[in-house]
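S.K.: Residue numbers (the numbering used here), protein chains in the order written: chain A, 1 to 101; chain B, 102 to 278.
Please keep in mind that the hints were generated in silico from the structure rather than gathered at the bench. Even glycine gets a Cβ: it sits at the ideal position worked out from N, Cα and C. Any given hint might turn out to be false.
[Said to hold, decoys possible] Partner residues aside, some chain B positions facing chain A, computed with beta carbon under 10 Å:
1) S103
2) F109
3) V111
4) T116
5) C117
6) A133
7) T178
8) P255
9) I265
10) A270
11) F272
12) K275
13) N276
14) H277
Residues per chain, in single letters:
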Amino acid sequence: MTDIPVLYFLWVSAFLFATGLTILLLKKNTIFVLMGIELILNAANLNLVAFSKNDPSMQGLYLSLFVLVVGVCEMAIALAIILQVYRNYRAIDVDQFTSEF
Amino acid sequence: MSPLVIAFLVLALLTCGSALSLLWTKNLLHAALAMFLTMLGLAGLYVLAYADVLAVAHLLVYVGGVLILILFGIMLTNQTNQTNQTNQTDTASSKNHLMTRESSRLLPMSIGLSFFLGLFWLFTKGPWMNNLPVTGDSKLREVGLGLLTEYAFPFELAGVFLLIALIGATFVAKNHD
């Protein structure tokens, strides 16, 4: 049975990371920015899984499970914060707030 | 080419293509759909990396949880365009007002492209070994045993963390007036 080389997974994860970074820099809507963060998180996850593919102790797999949990918590809290910001300022674009300091 | 590699290519194309469309679109609902397809492709890639446990958890969490959360976020923070509101006669035929703003495309895309090329070069040059022995079966039993023995403390900590995040999110999102 042939095995898929680790390098292919790394290419895909590099692409996902770069796309997430571009979304982070490009979009102004905060929900869009959150989606970019999720893409970056999943690119890191794919790297962990790809490297634990041939590892009998599977440490990367365990770490990626915990990364999944932390990512979900981050998403829930961030959306709650976005909701509260929208309730107070009627806008969720990142360039519509100016600091007072 | 073995069928495994063909399946990998299809899934990688799905993942990368829908990630690109997530980058390209300005409509939030289209972005949610693109993110759904990306997560689907990623789950398939996890299966191909022999991490089927993580793939199922990923599908449950992202498609079942995070996507619904994002859709609720889009609905609750929907800004209707005041300019289009006046001449809008029937809502059924008009477009939705979920178009978002973005900054100029040149600088972020060049930064992203250079990042991708740098990572690509770095990964291609890396000393990865491709001929390692394959442990090519489901690791469900090992993962379950490991989570309850060797990684029991982080596992319980993750449960407490989820509880804290749940309570915190409800507290932050509630109406504080």
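S.K.: Using 10 Å as the Cβ threshold, decide whether N276/B counts as touching chain A.
M.R.: holds (8 Å)
S.K.: Interface hint check: T178/B, Cβ to nearest Cβ on chain A, cutoff 10 Å. Holds or violated?
M.R.: holds (4 Å)
S.K.: Does C117/B meet its interface restraint, that is, does its C-beta lie within less than 10 Å of any C-beta in chain A?
M.R.: With a minimum Cβ separation of about 5 Å from chain A (threshold 10 Å), the hint on C117/B holds.
S.K.: Any CB of chain A closer than 10 Å to the CB of V111/B?
M.R.: violated (12 Å)
S.K.: Given A270/B as an interface hint, is the shortest Cβ-Cβ distance to chain A below 10 Å?
M.R.: holds (4 Å)
S.K.: Holds or violated: is the Cβ of A133/B closer than 10 Å to a Cβ in chain A?
M.R.: Check passed: Cβ of A133/B comes within 8 Å of chain A, closer than 10 Å.
S.K.: Using Cβ atoms only, decide whether F109/B comes closer than 10 Å to chain A, and label the hint accordingly.
M.R.: Holds, because the Cβ-Cβ distance from F109/B to chain A comes to roughly 5 Å (cut-off 10 Å).
S.K.: Just to be careful: measuring from the Cβ of P255/B to every Cβ in chain A, is the smallest value less than 10 Å?
M.R.: Constraint on P255/B satisfied, holds at 6 Å.
S.K.: Minimum Cβ distance from H277/B to chain A below 10 Å?
M.R.: OK, holds: H277/B within 10 Å of chain A, min 8 Å.
S.K.: Hey, does the S103/B contact hint survive, CB to chain A under 10 Å?
M.R.: Constraint on S103/B satisfied, holds at 5 Å.
S.K.: Are F272/B and chain A close enough, Cβ to Cβ, to be under 10 Å, as the hint says?
M.R.: holds (8 Å)
S.K.: At a threshold of 10 Å, is the proposed contact between T116/B and chain A supported by beta-carbon distances?
M.R.: Check passed: Cβ of T116/B comes within 6 Å of chain A, closer than 10 Å.
Hint compliance for this structure: hint 3 alone is broken.
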